[in-house]
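Following the hints, position chain B against chain A.
Sequence order for the protein chains is A and B.
Take numbering that gives the first Met the number 0: the last position of the first sequence gets the number 499, and nothing is skipped along the way.
Take numbering that gives the first Met the number 0: the last position of the second sequence gets the number 499, and nothing is skipped along the way.
No lab work stands behind these hints: they were computed from the structure.
Everything numeric in this text was worked out from a predicted model, so none of it was measured.
Be a bit skeptical, because a hint or two may be false.
No copy is singled out in the list; a pair is fine if it fits within one copy or between any two copies.
[As the list claims (entries may be wrong)] Below 25 Å or equal to it, Euclidean Cα-Cα: the simulated DMTMM-like pairs (lysine to aspartate or glutamate) are:
#1 Lys-5 to Glu-101
#2 Lys-35 to Glu-457
#3 Lys-12 to Glu-131
#4 Lys-398 to Asp-156
#5 Lys-94 to Glu-277
#6 Lys-490 to Asp-285
#7 Lys-279 to Glu-42
#8 Lys-9 to Glu-53
#9 Lys-385 to Glu-433
#10 Lys-35 to Glu-208
#11 Lys-5 to Glu-53
#12 Lys-430 to Glu-160
#13 Lys-35 to Asp-280
#14 Lys-35 to Glu-276
#15 Lys-91 to Glu-59
#16 Lys-12 to Glu-101
#17 Lys-5 to Glu-42
#18 Lys-35 to Asp-227
#19 Lys-473 to Glu-457
Protein chains: 2
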Amino acid sequence: MEESLKYIYKEQKELTNFGGIAALLGWDQMTYMPLKGSGARAEQLSLISRLAHERAISDELYTHLKTLKDAADQLDERDRIIVTRLAKDIEKARKVPSAFVEQMSRVTSLAYMAWQEAREKNTFSSFAPHLETIIELEQQYIEYVRIPGHPYNSLLDDCEEGMTVDVLQREFHTLRSQLVDLLGRITASTVYQHQKPLKIQLTIDQQRELCTSLLKQLAFPMDRARLDVSTHPFTTSMADDDVRITTNYEKEGLLSSLFSTMHEAGHALYELGLPQEEYKDTVISDAPSLGLHESQSRFWENMIARSQPFWTYFTPVLNTIASDAMVGTDERGLYKAMNQVRPSFIRIEADELTYCLHVILRFELELDLITGKITVAELPGCWNQKMTEFFGITPPTDKEGVLQDMHWSGGEFGYFPTYAIGTMYASQLFKQYEREHPTVHDDVSQGQFTPVVHWLHEHVHRYGRLLTADEIIKKTCGEGLNSTVFVTYLKEKYCPLYDI
Amino acid sequence: MEESLKYIYKEQKELTNFGGIAALLGWDQMTYMPLKGSGARAEQLSLISRLAHERAISDELYTHLKTLKDAADQLDERDRIIVTRLAKDIEKARKVPSAFVEQMSRVTSLAYMAWQEAREKNTFSSFAPHLETIIELEQQYIEYVRIPGHPYNSLLDDCEEGMTVDVLQREFHTLRSQLVDLLGRITASTVYQHQKPLKIQLTIDQQRELCTSLLKQLAFPMDRARLDVSTHPFTTSMADDDVRITTNYEKEGLLSSLFSTMHEAGHALYELGLPQEEYKDTVISDAPSLGLHESQSRFWENMIARSQPFWTYFTPVLNTIASDAMVGTDERGLYKAMNQVRPSFIRIEADELTYCLHVILRFELELDLITGKITVAELPGCWNQKMTEFFGITPPTDKEGVLQDMHWSGGEFGYFPTYAIGTMYASQLFKQYEREHPTVHDDVSQGQFTPVVHWLHEHVHRYGRLLTADEIIKKTCGEGLNSTVFVTYLKEKYCPLYDI
Numbered sequence: 000m001e002e003s004l005k006y007i008y009k010e011q012k013e014l015t016n017f018g019g020i021a022a023l024l025g026w027d028q029m030t031y032m033p034l035k036g037s038g039a040r041a042e043q044l045s046l047i048s049r050l051a052h053e054r055a056i057s058d059e060l061y062t063h064l065k066t067l068k069d070a071a072d073q074l075d076e077r078d079r080i081i082v083t084r085l086a087k088d089i090e091k092a093r094k095v096p097s098a099f100v101e102q103m104s105r106v107t108s109l110a111y112m113a114w115q116e117a118r119e120k121n122t123f124s125s126f127a128p129h130l131e132t133i134i135e136l137e138q139q140y141i142e143y144v145r146i147p148g149h150p151y152n153s154l155l156d157d158c159e160e161g162m163t164v165d166v167l168q169r170e171f172h173t174l175r176s177q178l179v180d181l182l183g184r185i186t187a188s189t190v191y192q193h194q195k196p197l198k199i200q201l202t203i204d205q206q207r208e209l210c211t212s213l214l215k216q217l218a219f220p221m222d223r224a225r226l227d228v229s230t231h232p233f234t235t236s237m238a239d240d241d242v243r244i245t246t247n248y249e250k251e252g253l254l255s256s257l258f259s260t261m262h263e264a265g266h267a268l269y270e271l272g273l274p275q276e277e278y279k280d281t282v283i284s285d286a287p288s289l290g291l292h293e294s295q296s297r298f299w300e301n302m303i304a305r306s307q308p309f310w311t312y313f314t315p316v317l318n319t320i321a322s323d324a325m326v327g328t329d330e331r332g333l334y335k336a337m338n339q340v341r342p343s344f345i346r347i348e349a350d351e352l353t354y355c356l357h358v359i360l361r362f363e364l365e366l367d368l369i370t371g372k373i374t375v376a377e378l379p380g381c382w383n384q385k386m387t388e389f390f391g392i393t394p395p396t397d398k399e400g401v402l403q404d405m406h407w408s409g410g411e412f413g414y415f416p417t418y419a420i421g422t423m424y425a426s427q428l429f430k431q432y433e434r435e436h437p438t439v440h441d442d443v444s445q446g447q448f449t450p451v452v453h454w455l456h457e458h459v460h461r462y463g464r465l466l467t468a469d470e471i472i473k474k475t476c477g478e479g480l481n482s483t484v485f486v487t488y489l490k491e492k493y494c495p496l497y498d499i
Numbered sequence: 000m001e002e003s004l005k006y007i008y009k010e011q012k013e014l015t016n017f018g019g020i021a022a023l024l025g026w027d028q029m030t031y032m033p034l035k036g037s038g039a040r041a042e043q044l045s046l047i048s049r050l051a052h053e054r055a056i057s058d059e060l061y062t063h064l065k066t067l068k069d070a071a072d073q074l075d076e077r078d079r080i081i082v083t084r085l086a087k088d089i090e091k092a093r094k095v096p097s098a099f100v101e102q103m104s105r106v107t108s109l110a111y112m113a114w115q116e117a118r119e120k121n122t123f124s125s126f127a128p129h130l131e132t133i134i135e136l137e138q139q140y141i142e143y144v145r146i147p148g149h150p151y152n153s154l155l156d157d158c159e160e161g162m163t164v165d166v167l168q169r170e171f172h173t174l175r176s177q178l179v180d181l182l183g184r185i186t187a188s189t190v191y192q193h194q195k196p197l198k199i200q201l202t203i204d205q206q207r208e209l210c211t212s213l214l215k216q217l218a219f220p221m222d223r224a225r226l227d228v229s230t231h232p233f234t235t236s237m238a239d240d241d242v243r244i245t246t247n248y249e250k251e252g253l254l255s256s257l258f259s260t261m262h263e264a265g266h267a268l269y270e271l272g273l274p275q276e277e278y279k280d281t282v283i284s285d286a287p288s289l290g291l292h293e294s295q296s297r298f299w300e301n302m303i304a305r306s307q308p309f310w311t312y313f314t315p316v317l318n319t320i321a322s323d324a325m326v327g328t329d330e331r332g333l334y335k336a337m338n339q340v341r342p343s344f345i346r347i348e349a350d351e352l353t354y355c356l357h358v359i360l361r362f363e364l365e366l367d368l369i370t371g372k373i374t375v376a377e378l379p380g381c382w383n384q385k386m387t388e389f390f391g392i393t394p395p396t397d398k399e400g401v402l403q404d405m406h407w408s409g410g411e412f413g414y415f416p417t418y419a420i421g422t423m424y425a426s427q428l429f430k431q432y433e434r435e436h437p438t439v440h441d442d443v444s445q446g447q448f449t450p451v452v453h454w455l456h457e458h459v460h461r462y463g464r465l466l467t468a469d470e471i472i473k474k475t476c477g478e479g480l481n482s483t484v485f486v487t488y489l490k491e492k493y494c495p496l497y498d499i
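In isolation and in its complexed conformation, chain A is listed as follows (with noise of 0.2 Å):
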């Protein structure tokens, strides 16, 4: 038994180091990689993942782990836990061979590529045929997994464990009817008639600093993270004390770097403040889902930078350090710009209200082609239709529609409700913050961050994967998933900005 737990402590660790040198190709290939390095990399980054597969579904492991399980009674409390969680997820693992991970590498490959074609030349048909064989071999997965209930639960299960199409399907209901309701009184509003875009120029040097300053406000930790440059921001983790975070700073736009600063630190902080001492280097060092990162990255996002009192404490800065760049507008007129909302085509660009929408539709669709109700061939005209409905606009091409996210020529179906249930999870942390700290508004204003940095850590990040998502909303809300809870603060926030 000695022996059996060293084997899983061992493994784990190297699982761990696999991960992180996965990351570094992946961060390198997105920020600096000379652009022909790409097919070396591509070979890299295979290599690295096919033995990291080959060690987690080994015969050896398994076995240390059935022996372990086996004896579980007389295991102390924190292996018993790491052997739970980790025969979980290698029983999971191994239910699916190795040649079909293989296939699904080399057909996402080409699918990529296809797709990157396809949305550039705006030809669906010619992405559709590798769009096909993906959704077939979604079917096959389903197969292998078979998590009990609806068949897209064995691929939300991968994303969001424990989330079944049930829930989803009840939540999302609401939060759709209402979203489509809220956006429909908005859009014939007054205040919406006469909404124009505000301008603000500034230098790539301006924004930096401004994301930089930002950071220093949240006490980022420089010294285990830094932030640099790519085409999409995203988060990364080398390791526990090494997280990288992306932003771009984009020649106009109404400060999209510093909006994404705070996304991909919300991110950060998650992996900066999972558990380390005891479970360092184990399978519970992880967040327990996707759902739950992005609560974390749209808390930071909507819920602070997007709020009134932010800009308060923000209106100052942005003047001091971009001056030039800034029209006379005060504080109110920010916070306005920052928070107009419109019906739009292209999800990541996207207002915090409409978000849900493009998430929402993308989730249908996604049942639809897993279960077979739509072809591939009929998708666009799907979109196109549930565009119409959801927000009154239909794309004028595919390139503002179907083509525009590359999830699903990667073979991430599973993966887009994550957002919504992120978006609501983080309305439900943040009014149970405000419950708990009734000056938080006062706080923000004052640009005094590290009080929500460390309840967060406390409620959500120290956990790892010690529970699931569901049990630590539970456990801090009072009550799992909530779309009402993030439907309210929506009406609150933006009937008074809208005047309904």
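Frame of chain A; chain B shown alone:
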């Protein structure tokens, strides 16, 4: 046989990928990694090294190689060349037990930390026990490898295949006495007595612009390479099409970032020019020796960037980019300033003329340590004595003496001589180039560097390991290592400069 060929090509490709991954881990550590990422990074690097070593010495690879060697006459030329080369490498690697490799890695990790502390605190005695262990391990290594002749040949062979102590002693003997003599005449000259350092204060942005302009002039392919910043400049290769160089923009200093960029660009052009196509991802696509690699960096740093024609080209560039920093210094003044000779304590800050004396000093001490002629305890005294003998100056502390270089803490005995070998090779290649291209001085004074790049590619880079360094130099220059060529080059350059 088909199967064996397939196997060895696959393995070489994977070993290439392991090498590229390790290169990225190391590059990131020196450039961007947050401070606290170092612990995990050491583990990640050690995991990759161990996996690569296990693969290199695996019985399966060895068996396939034996099969192929036995059937060598049935192989086509390319396969036969690769099998021969790979078998030689693998047979050597297999002479060294894995336990020894791990021990060496552990010992040098500790020794490196001890060296850093000892250098900081100027306490050689705290580093001494580590160095003693390392020397014992080097002696053990020699026992495993057993290259014929002098025991030190086994250490030399890893850095400079085929080079022997006999040859080095012969060449270094001439070089040493000639350099000491030349240095004596220089320091006694009137010009030397009146020599004052030129002070140019350049901003980091100006230095960056100068380096970038120079790389552009070299047609340095920025889609296959990049320039970053690290404490000590270096070159590393992630893949055929992904080579990274670094420099260091000092706040003050005489354009050292410029020379280091030229130096590293020389290394990088070699890496970028290694044989691809039929030899891609094989053991052939590599440099045959560190000395030959160094010849490429020294060629660009010394023969080009420290030449009179270069400053004819570069003075206007400098005046354009950094007019405010120039105090009316003309091209002749700059050329002289860049070529001031001065006895000094620190190797990496040494001028072109005294540099090799620093190297010969270390080589002589390494020989004495390995053969047991001197003990580690005697080392600082011997160092200082040789410094006085060679340069006429004595280091005030070990920090400026025996503790200055990291090489010994890393077990890199046999490495130092390659710096001098490279410098001599560079002068031999330059002499040959001059012979074939009498217009070289005009070309360089007009900033035309690409003919030189092409010639070096044609005569050095493209061979990879198809030939040894010695064979490449003989084929190109008509003779092997010859210190007299270098001494003649130095005399022709420095006698006029110092009016001697």
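How would you label the pair Lys-35, Glu-276 (within, between, both, or neither) given a Cα cut-off of 25 Å?
between (41 Å within a copy, 15 Å between copies)
Checking Lys-5 and Glu-53: alpha-carbon separation at most 25 Å within a copy, between copies, both or neither?
This pair counts as both: shortest intra-copy Cα distance 19 Å, inter-copy 22 Å.
Tell me, please, which holds for Lys-35 and Asp-280 at an alpha-carbon limit of 25 Å: within, between, both or neither?
between (34 Å within a copy, 16 Å between copies)
Have a look at Lys-35 and Glu-457 and pick one of within, between, both or neither, based on CA distance no larger than 25 Å.
between (44 Å within a copy, 23 Å between copies)
Within, between, both or neither: Lys-9, Glu-53 at alpha-carbon 25 Å:
Result: close both inside a copy and across copies, 15 Å intra and 18 Å inter.
Identical-chain pair category, Lys-5 with Glu-42, by Cα at 25 Å:
between (32 Å within a copy, 17 Å between copies)
Evaluate Lys-385 and Glu-433 at a C-alpha cut-off of 25 Å and name the case that applies: within, between, both or neither.
Neither: 36 Å inside a chain and 73 Å across chains, both beyond 25 Å.
Between copies, within a copy, both or neither: which fits Lys-35 and Asp-227 at Cα up to 25 Å?
Result: close both inside a copy and across copies, 20 Å intra and 17 Å inter.
When no copy is named, should Lys-279 and Glu-42 be tagged within, between, both, or neither for a Cα gap of at most 25 Å?
This pair counts as between: shortest inter-copy Cα distance 14 Å, intra-copy 29 Å.
Between the shortest in-copy and the shortest cross-copy C-alpha distance, which are at most 25 Å for Lys-430 and Glu-160: within, between, both, or neither?
within (24 Å within a copy, 69 Å between copies)
Within, between, both or neither: how does the pair Lys-490, Asp-285 come out at a Cα-Cα threshold of 25 Å?
Neither. Shortest intra-copy (34 Å) and inter-copy (65 Å) distances fail the 25 Å Cα cut-off.
Could you place Lys-398 and Asp-156 in one of the four classes (within, between, both, neither) given a Cα distance threshold of 25 Å?
Result: close neither inside a copy nor across copies, 30 Å intra and 59 Å inter.
Hint compliance for this structure: hints 3, 4, 5, 6, 9 are not met, and every other hint is.
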